[in-house]
Every structure is written in C-alpha cells, then in structure tokens.
Amino acid sequence: MPYLFSFLVVANVGLFGYLLLVPKKEPEYLQQAHANLQAPTSFENTTNTLPPEIGNK
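Number 107 marks the last residue of the sequence shown (the working numbering); no jumps.
Be a bit skeptical, because a hint or two may be false.
What the hints assert, rightly or not - Computed spacing ranges between beta-carbons, pair by pair:
1) E78 <-> E103: 45 to 51 Å
2) P52 <-> K74: 31 to 37 Å
3) P52 <-> P77: 37 to 43 Å
4) H84 <-> V63: 29 to 35 Å
5) E94 <-> Y68: 47 to 53 Å
6) P102 <-> K74: 36 to 42 Å
7) P77 <-> F55: 35 to 41 Å
8) N62 <-> H84: 26 to 32 Å
9) P73 <-> P102: 39 to 45 Å
10) A83 <-> N62: 27 to 33 Å
No wet-lab data here; the hints were simulated from the structure.
The C-beta atom is built at its ideal place from N, Cα and C for all residues, glycine as well.
All chains, full assembly: derive it from the sequences and hints.
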C-alpha cells in the first residue's frame with residue numbers, strides 16, 4: 051500500500067510539473083475575445099437627455 055501511495059504522489063508531481071512547464075497556447079476565439087475586451091469603447095454623455103424626476107413638474 052505505501053508503494054501505491056508513493057507512486058500516486060510521484061505521478062501527481064510529474065503531471066503538475068509538466069503542466070506548469072508546457073507553454074500555454076490560447077485558442078483563436080480566446081485571443082479575439084481578449085482583444086475585444088481591451089478595445090476602447092465610445093462614451094456619450096446622456097445626462098442632458100434624462101427624463102425629469104418623478105413628482106416634479
């Protein structure tokens with residue numbers, strides 16, 4: 051039983067080490083979504099077009 055536990059620990063360390071060292075390549079759709087989120091958006095001040103407050107004439 052201790053051999054099995056030791057093997058699982060070594061396998062986990064090896065797997066996580068491999069996953070941390072492998073360079074991550076983002077798919078095309080993630081790169082496009084990231085670019086869209088960082089793109090500047092237009093802003094229009096609409097405070098002069100707000101409706102009047104309720105209860106005021």
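Hint check results:
1. E78 and E103 have their C-beta atoms about 49 Å apart, which keeps the hinted 45 to 51 Å range intact.
2. Taking 31 to 37 Å as the suggested C-beta distance range, the pair P52 and K74 conforms, at roughly 35 Å.
3. Checked against the hint of 37 to 43 Å, the C-beta distance between P52 and P77 comes to roughly 42 Å, which is consistent with it.
4. For the pair H84 and V63, the supplied restraint of 29 to 35 Å holds, since their beta-carbon distance comes to about 32 Å.
5. Range check, E94 to Y68: Cβ separation about 50 Å, and the 47 to 53 Å hint holds.
6. Taken as a hint, the range 36 to 42 Å is violated for the pair P102 and K74, whose Cβ atoms sit roughly 53 Å apart.
7. Between P77 and F55 the C-beta distance comes to about 37 Å, which sits within the given range of 35 to 41 Å.
8. At about 31 Å, the beta-carbon gap between N62 and H84 stays in the expected band of 26 to 32 Å.
9. Checked against the given bound of 39 to 45 Å, the beta carbons of P73 and P102, roughly 58 Å apart, lie outside it.
10. Restraint check, A83 to N62: a C-beta distance of roughly 32 Å satisfies the suggested window 27 to 33 Å.
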